[in-house]
Amino acid sequence: MKRRFALAVALALVVAFALMSTAQAAPPKDPLGVITIKKGQPIHIAYWMVVAGPDASLGEDTKRGVEIAIADKGGKLLGHPIKLTGQDEGCGPEGGQASTTKIASDPTVVAAVGSNCSSAARPGAPILWKAGISTVSPSNTAPYLTDPKRGPEYDGYLRTAHNDKVQGAVAAQFAIKKMGVKTAATIHDGSVYAEQLQAVFAEEFKKLGGTITSQEAVAPTDTDMRPVLTKIATGKPQFIYYPIFIAAAGHITRQVKEVAGLEKVYLMSADGSFSPDFYKAAGETAVGMFHSSPDFSAFAAGYKGFLDKHQKKYGEKPIAPFHAHGYDAAMIIFAAIEKVAVKDGDTIHIGRKALRDALYATKGLQGLTGNLTCDKFGDCADPRIAVYQQTAENIKKLENPQTPFWKPY
Amino acid sequence: MVKNLRERMSPTDIVMWSIGGILAILIVWGTASTIIKGTYSARHWIDFVIFGLAQGSIYALIAMGYTMVYGVLRMINFAHSEVFMSGPYTAYFFAAYFHRSGLLDSHPVISLVLVFLVSMATSVMIAVLLERIAYRPLRGAPRLVPLITAIGASFFLQYVFRGLYGSGFQAYPVISALEGQFTLGPIRVLKFQALVIVAAGLLMVALYQFTQRTRLGKALRSVSEDKEASALMGIDVDRMISMTFMIGGAAAGAAGVLYAIMFKQVHFFMGFIPGIKAFTAAVLGGIGNIPGAMLGGIFLGLVESVGPSLFLDGLGIVAPYQLKDAIAFTMLVLVLIFRPSGILGERLAVKKA
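First to last, the protein sequences are chains A and B. If you count by numbering that gives the first Met the number 0, then the first sequence holds residues 0 to 408, one letter each, in order. If you count by numbering that gives the first Met the number 0, then the second sequence holds residues 0 to 352, one letter each, in order.
Rather than coming from a laboratory, the hints here were simulated on the basis of the structure. A few of these clues could be false.
Mimicking DSSO-like on lysine-lysine, the simulated pairs with C-alpha atoms at most 30 Å apart in a straight line are [said to hold, decoys possible]: (1) B:LYS190 - A:LYS395; (2) A:LYS362 - A:LYS72; (3) A:LYS263 - B:LYS36; (4) A:LYS256 - B:LYS36; (5) B:LYS36 - A:LYS235; (6) A:LYS279 - B:LYS190.
If you only want the chain A side, here are some residues facing chain B, beta carbon under 8 Å, derived [what the hints assert, rightly or not]: (7) PRO226; (8) VAL227; (9) ARG253.
Beta carbons are placed, not taken as given, at the ideal position from N, Cα and C, and that holds for glycine.
Using the sequences provided together with the hints, build the complete structure.
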């Protein structure tokens, strides 16, 4: 009897405590669920980037941006340590699916940074959003991902990288207005990124009065580009635009001058191959070619300090163009978490839908790449795209050129 | 006559032949309309053919390894693509050193010969070790066992080299002696393509002569005919099998350097695609048959280079070079429908498989 009484008292106490704690601060209700982070537990951010294989420099670069952002926050947010874990998205749809499935299965993940390649984001972002995880990409540029027609499964997707609607148009304007060419050919590799970017270029080029002689495609694993280049040569273009990735772009750059009729053609690629690894792949043949890329000279004043920290932490200059976007992606996530987190003593509650809404509501945030304001489809960048020309000097040093060759603004 | 034909052909045959017929008609139609359209001049076609020959002779050299091993052991050595990769990747470090020290520019012949030797030696070593460690203990096991082992060995070697040399790629130095081109009337050949075609041609002729004219070659052929009988005749079968792997490895090592001279990028995964293509070439030519592998390789290279423009351009297909591999494999299907044992495939009196 006594024992039963004791049990009843204990139960009553438990209920009372439970009631008290709910009375203190009701955890926020959220249609997609709430993440509760107790005292001492970390705020878990996951990245999905391409950190292995031939395009690893792209992922490593953005990852460093995120790491520096965490270091700038002192490794802490609202008194909780920030934990960063990651998956390799392999720069392709399969990797995109595998990496996000792993992240989505972890209930502690608050938000994600990624992906690098648009073709990985296409299947990946919906998988994360199904689990209520918002993701901010530092380097996806394919227009589709923030297109009004993209569908509700991309509601949790944002990006700090520019939309290729801007980049493709800048390239076309550069070709016509600066270089004065009338005819151009394009090559893509079947990836979402390259396919859409060359399409935007071709459209803008035609709008400005140019003629597209052909729009070809190769596989990213192709090595012998001479036949396809010979086919392009039959149209006698003055300009070839091939916004593809490092390995295939390297082969094209090396082989283009070996094809009869293309000895004097202008070459241009985009940010996907704007990397020292590409200079290694293409060697001296890259001298004189053009790349479109974010304009580093238009970045905010904080960028210089960032570069110093980068040099100190990793012992080298940034290895691809999207480190600052990685930094900004992490920063808007941190700002949104600070905005929506409900404090309850040392415990914090974060509503998943609330976090997503806060991310989309980002307005005038001072980032490294400029003022970040997200529109209703998740485009947060303040894009300033410039055109760079490769010189013998920077190819030899395996470094990205520092000053733009041409700017549209 | 009709009855006779009906008796000889099964429904499967009829379906296969119709598929073959449709493909052949499409190809002829595409070719005709491309030629009528006249986008390409004779000069372009010559260029296509030369690019195809250069690529094809590399396939042919690699295909030798597949076909010889198949001839002797009746197995597909899927790790051969890694034998191909190991040579030029190792030789890269020598090539880079010669480039830095200036030897490559002052004595291009000596340094190239050295690079070739290093590459071939590495590939031979890997091929022989592969046979000794992975395949010999399984001699006499069911045929599926060495096949699976070959796939395992392929992954193992890939990741060993990844561990040794890193996951990135390396860029082969440009050899200034091989830059530029020869012009003979309308024919324009890049110097290194000429080197690739000539070197591959010489190697293949030498190999063929070796198997046909020498005592060792005779022993090799007899082992591939009948292992037991050759053993009874006093031929050391194990030694001959090692020899087969050595020759295949040497051809792959040489092909590797030619590949690196042509494309300038080496990485641990570089063997995969050329390996698959060379295997296709070996099957196309009739697996087990050495001239067949050479013919298959060159045919495949030509189809890949000429095919997209010739067959698909006339059909109005955009970006035909994306379908390069599809065309190559369609050709394989076509050849196998009409000649199931490959172009030069042997008609065996006794089925060895």
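Hints, one by one, checked against the model:
Of the pairs offered as hints, the one joining B:LYS190 and A:LYS395 holds, with about 25 Å between alpha carbons and a cut-off of 30 Å not exceeded. About 20 Å separates the Cα atoms of A:LYS362 and A:LYS72, which keeps this hinted pair within 30 Å; it holds. Using a Cα cut-off of 30 Å, the hinted pair A:LYS263 and B:LYS36 holds, with the two alpha carbons roughly 27 Å apart. Distance restraint check for A:LYS256 and B:LYS36: the Cα-Cα separation of roughly 27 Å lies within the 30 Å cut-off, and the hinted pair is therefore satisfied.
At most 30 Å may separate the alpha-carbon atoms for a hinted pair to count; B:LYS36 and A:LYS235 meet this at roughly 17 Å. A hinted pair counts as satisfied when its Cα atoms are at most 30 Å apart, and A:LYS279 with B:LYS190 qualifies at roughly 23 Å. Nearest Cβ of chain B to the Cβ of A:PRO226: about 4 Å, under the 8 Å cut. The hint holds. Given the 8 Å rule on beta carbons, the hint for A:VAL227 holds: about 4 Å separates it from the nearest Cβ of chain B.
Using the Cβ-Cβ criterion of 8 Å, the hint placing A:ARG253 at the interface with chain B is satisfied: the shortest such distance is roughly 6 Å.
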